[in-house]
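Protein chains in written order, with my numbering: chain H, 18 to 143; chain X, 18 to 143; chain P, 18 to 143; chain F, 18 to 143.
There are no misleading hints in this set.
Copies of the same chain are indistinguishable here, so a pair counts whether it falls within one copy or spans any two.
In silico DSSO-like links for lysine-lysine, alpha-carbon gap of 30 angstroms or less:
{"hint": "1", "residue 1": "Lys34", "residue 2": "Lys119"}
{"hint": "2", "residue 1": "Lys60", "residue 2": "Lys119"}
{"hint": "3", "residue 1": "Lys119", "residue 2": "Lys56"}
{"hint": "4", "residue 1": "Lys56", "residue 2": "Lys128"}
{"hint": "5", "residue 1": "Lys60", "residue 2": "Lys35"}
{"hint": "6", "residue 1": "Lys128", "residue 2": "Lys52"}
None of these hints come from the bench; they were simulated from the model.
Spelled out, the chains give:
Protein chains: 4
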Amino acid sequence: MKINNPVDISTIEKEAKKDFFDRHTPFIHCDSNAKRGEKFKVKVKLGNEYKHPDDFDHYISTVELWDNNRLLAKSDYFAGTLANEPNHLEVDFYIVATKTLKLTATAYCTKHGLWHSEEVIVEITE
Amino acid sequence: MKINNPVDISTIEKEAKKDFFDRHTPFIHCDSNAKRGEKFKVKVKLGNEYKHPDDFDHYISTVELWDNNRLLAKSDYFAGTLANEPNHLEVDFYIVATKTLKLTATAYCTKHGLWHSEEVIVEITE
Amino acid sequence: MKINNPVDISTIEKEAKKDFFDRHTPFIHCDSNAKRGEKFKVKVKLGNEYKHPDDFDHYISTVELWDNNRLLAKSDYFAGTLANEPNHLEVDFYIVATKTLKLTATAYCTKHGLWHSEEVIVEITE
Amino acid sequence: MKINNPVDISTIEKEAKKDFFDRHTPFIHCDSNAKRGEKFKVKVKLGNEYKHPDDFDHYISTVELWDNNRLLAKSDYFAGTLANEPNHLEVDFYIVATKTLKLTATAYCTKHGLWHSEEVIVEITE
Chain H
18 MKINNPVDIS TIEKEAKKDF FDRHTPFIHC DSNAKRGEKF KVKVKLGNEY KHPDDFDHYI
78 STVELWDNNR LLAKSDYFAG TLANEPNHLE VDFYIVATKT LKLTATAYCT KHGLWHSEEV
138 IVEITE
Chain X
18 MKINNPVDIS TIEKEAKKDF FDRHTPFIHC DSNAKRGEKF KVKVKLGNEY KHPDDFDHYI
78 STVELWDNNR LLAKSDYFAG TLANEPNHLE VDFYIVATKT LKLTATAYCT KHGLWHSEEV
138 IVEITE
Chain P
18 MKINNPVDIS TIEKEAKKDF FDRHTPFIHC DSNAKRGEKF KVKVKLGNEY KHPDDFDHYI
78 STVELWDNNR LLAKSDYFAG TLANEPNHLE VDFYIVATKT LKLTATAYCT KHGLWHSEEV
138 IVEITE
Chain F
18 MKINNPVDIS TIEKEAKKDF FDRHTPFIHC DSNAKRGEKF KVKVKLGNEY KHPDDFDHYI
78 STVELWDNNR LLAKSDYFAG TLANEPNHLE VDFYIVATKT LKLTATAYCT KHGLWHSEEV
138 IVEITE
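Only chain H is shown next, with the shape it has when bound in the complex (with noise of 0.2 angstroms):
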């Protein structure tokens, strides 16, 4: 089993191979300051531009939240969560911290196996 790591697509010349790229690579939203103690939403959604189909043999079926080496929160999907219709997947997590977070999310699609997103790094505040 093998992590796919993300991919800067503005260097992928081929339609296809950025759509493919882009459409299961989990994306972090969340500010980049956390308030210590209190609780702080952080989106986990699939790719920018390109839509991940919600197919019934072919759709995300997973994505987790990770703080470096720990799990934060997971959640798990069906086809047909999404209507059966290519959509940009998402969730927000709230968690709580209190100290810096080093978040990472991954998705995993049915037929495409396992995606890691860029590193987000979250600093405390008081």
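Since chain H is already given, all that's left is putting chains X, P and F on it; use the hints.
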């Protein structure tokens, strides 16, 4: 295994019992209408008034979102996701609907078992 | 969301209905006694007589094992885990008990919802 | 997030380090051949020689079974599934294969992150 059904805590007299019921109950927060085929945000949040512990031996480990008897999404947490302080665990799921939704949520507490939300009807608009 | 309770299929006349109930019901197979503090095997198997499909739009995706209101273990599957042919999905969990177990299992079918097993009592011996 | 790869502990000198690596590593136990289209048992067991704690703040919470880059099954546990005593967590999955399997397992420890097994090849016979 049994599921605890939601209770109107205004009918409960003892503070400790209000607390017990409220903090374990998942509440669904969403619009009452969803546009057909468009992403629709559904927040599930534990407790309206009382916070649930996030202790190693006592925390909310799972939140699920159902449409009638169909599971749309589920999510898992760990002791520490909320920094081991009492809080209202929450998650925003994004789903796409094409017909009336009968949403319910469940939450699992590692000490007090499985809890059910009220049902929320969401009508579909064009 | 509701849980379907187990039914004695010998009381059902129509073959299709026997099939429907049996193939969705999780059955617990284990010894009736467990040694205190020793690993104890609990098999959960779907259906005694009738196999459940493993189709992309219709499969058993989750099996959980409960001791009374405490979740001991859960497991998730995909369409194709059983090579897309009808079968009796099964899993062996290994748990350790220190007092009488009241085991139940649940199974989730992506088309027909959540199903409950009979309860199985396991006494603890020294 | 990174995955810890398996290590040959006979090459490690310090007992504590042998223990650390062995107790976190999932080992796959199964036959080297599977009959095409028939149910095939795959045991995943943590540690060959050293037991892992089952403490509230330190336990094995997830075991997954992969065929190359395809997830076949996953399972979740709680602190207490093994009665809070050190043990070798184990689970038997039953899968059906129609072509050569390249099985790997992963295990997640709530304190020490994600661990990968050796790959096990299973040939298919008629």
